[in-house]
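**Student:** Chain residues, written in single-letter form:
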Amino acid sequence: MSINVRLQIVLFLISSILLSITGSLVWCYLNEIQPGQFVQILAVISLVVIFLSHGLLRSTRMSIYKLKEGTEIIGNGNLEYKINIKSKDELGQLALSFNKMTENLQKITISRNYSDSIIRSIIGGLIVLSPERYIKNVNAAICEMLGYMEEELIGMSFDKILAKDSNFKFVEMNGLIDRGFIKNTEGTFLSKDGKYIPVLFSGSVMRDCDTNRGIVCVALDITERKQREAKQVQLLNELESVNQELKDFAYIVSHDLRAPLRAISSLANWISTDYADKIDEEGRKQIHLLIGRVHRMNALIEGILQYSRVGRIKEEKIEVDLSNLVKSVIDLINPPKNIEIYVENKLPTILCEITRVEQVFQNLLNNAVKYMNKPEGKIKISCRKEGEYWEFSVADNGPGIEEKYFEKIFQIFQTLKPRDEVESTGIGLSIVKKIVEMYGGKVWVESKVGCGSTFFFTLPDGKTIDNAGT
Amino acid sequence: MKKQETILLVEDDTVDQLTVKRALRDINITNPLKITNNGEEALEYLRNEKNEIPGIILLDLNMPKMNGVEFLKIAKNDSRIKRIPVIVLTTSKEDRDRINTFDLGVAGYMVKPVAYMQFVEVIRTINLYWTLSELPR
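Protein chains in written order, with numbering that gives the first Met the number 0: chain A, 0 to 469; chain B, 0 to 136.
This is chain A alone, in the form it adopts within the complex (with noise of 0.2 Å):
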């Protein structure tokens, strides 16, 4: 019992005997009492008033009593603690100011148990260190994601969770006090049963005054994700392989199937001319025909070796004026009298492979002049700005082709005539659609049978140099 309340207590019963003297003397004087019967009254009377003080007395050190309690529980921190004094005195004003400070105390702070539970329910892995690279505090995760109990980490040096080969050692560490913060380094935790964990790591530290309080890292694990890059770099690597196989698959369609192939028509030809006068008109013309089907087959590997080519071999982009490339695409087709061939409008100048795009014009007019049946042959070439493409169209007055083929002859090796009556290989197409589609254009054909045809496709405006005369 504090000396106060000590002295509450003398103060209580000395004003309490002073009361009920004055009151038996009051009492006696009003009534005409006689004075003995003074002690008995002024002992009724002082047993009325020692109770009625002490149960004053009582309520006051109950009031104290909770007030204490409640600053002390407040003072840990517990911000929603009500005291509760329900009386309209002073005791009960000064509890009433209490609660209304927590409150307002509540508003503007945040209590330990509101920011534990931020803590405990962050999903990356969250440590605090004290300056001397201590773990003091930790969450859920990082305990879930090292298997350690939060007991066990807390007190523990940071470098015992960290792996041998893990980015920050003791050196960024340094770094990082220096520096204030460390963002997103990748690094390496070791878990309790010796696991690696790729994570991907934070850290700032705390100062107050220029003083290190300690440093708040977070963790996350990026296991899945490096895992995923892993997987990324092997189908990398399988692609390139795939690659390779493809390079070696054409270089030996190139050498190894072209070589007995020449041996058969050196052969037959030497047959040919060594037996001349053992040979028949039938035979000769057997022989005609193998070396024939042997110069067919040498075209069907070169046609190979051609779509194989397209996106293998990687060509400098180069501004191209398509009217110059047109033109000496037209000269190497060389076409006979009978078909002309025009450019209807002004062609622009595009940046492209130059050797893509010239396979493109030179496959597209070769078809319309190997296929042309009539008298009076006419190609027209001509060109039309589409949004991002420019669109460009070879038309032809030739046999045209039926509408269910529209799609199959852009397939490889396919024909629509017998290859004894027009010798083709079925590979120019499939090489201009490939071409165009590697440049994100597309190839369709319109076409009337016995009217002629029109192969439309388009390439990508990218950086073009808009000189067409639309």
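Honestly, the hints are just simulated from the structure, not real lab data.
Predicted model, so just to flag it, every value in this text is computed and none were measured.
Mixed in with the good hints, there may be bad ones.
As the list claims (entries may be wrong) - Ranges of calculated distance between the beta carbons of each label pair, as one might list FRET restraints:
(1) R97/B <-> G310/A: 48 to 56 Å
(2) Q226/A <-> E43/B: 54 to 62 Å
(3) E69/B <-> R311/A: 21 to 29 Å
(4) A275/A <-> N50/B: 37 to 45 Å
(5) N242/A <-> N50/B: 52 to 60 Å
(6) P31/B <-> A275/A: 46 to 54 Å
Yeah, the Cβ is synthetic: ideal placement off N, Cα and C, and Gly gets one too.
Place chain B on chain A using the hints.
**Tutor:** Leaving out everything else, chain B in the frame of chain A:
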């Protein structure tokens, strides 16, 4: 071809050997023709002091045991052999073969045509070049 210097053909395919032999005959070239089947045999022949150094080597690329590129790597480091002009005679049109062999100092690169008559033209061209070109002694 030049005087009566030996022509060394390094070629594994019998028909290709016949083709060269026949083409030389067809254009009346009477130089002696020595045929070896691969790079190893060619080196053996060239390193044998008893054999006269050939005036020209016609080299196939794809051969068993030691291919044309492997042969060139050794031959071009051999002081006895390195100045003999080598003409590659191959089926391969691959860029990497052209680059590799020219890096190794070949004097020419000819693709074997499928048609025999074109093959004869190739041999005729090699002969013309070899006859006109000045060579180190």
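**Student:** Could you run down the list of hints and mark each one as holding or not?
**Tutor:** These are the hints, each one checked on the structure:
1. Between R97/B and G310/A the C-beta distance comes to about 21 Å, which lies outside the given range of 48 to 56 Å.
2. Our hint of 54 to 62 Å for Q226/A and E43/B holds, since their Cβ atoms are close to 56 Å apart.
3. Here the CB-CB span from E69/B to R311/A is close to 25 Å, well matched to the stated 21 to 29 Å.
4. Judged by the Cβ atoms, the range 37 to 45 Å given for A275/A and N50/B holds: they are separated by roughly 39 Å.
5. Checked against the given bound of 52 to 60 Å, the beta carbons of N242/A and N50/B, roughly 45 Å apart, lie outside it.
6. Separated by about 29 Å at the C-beta atoms, P31/B and A275/A break the suggested range of 46 to 54 Å.
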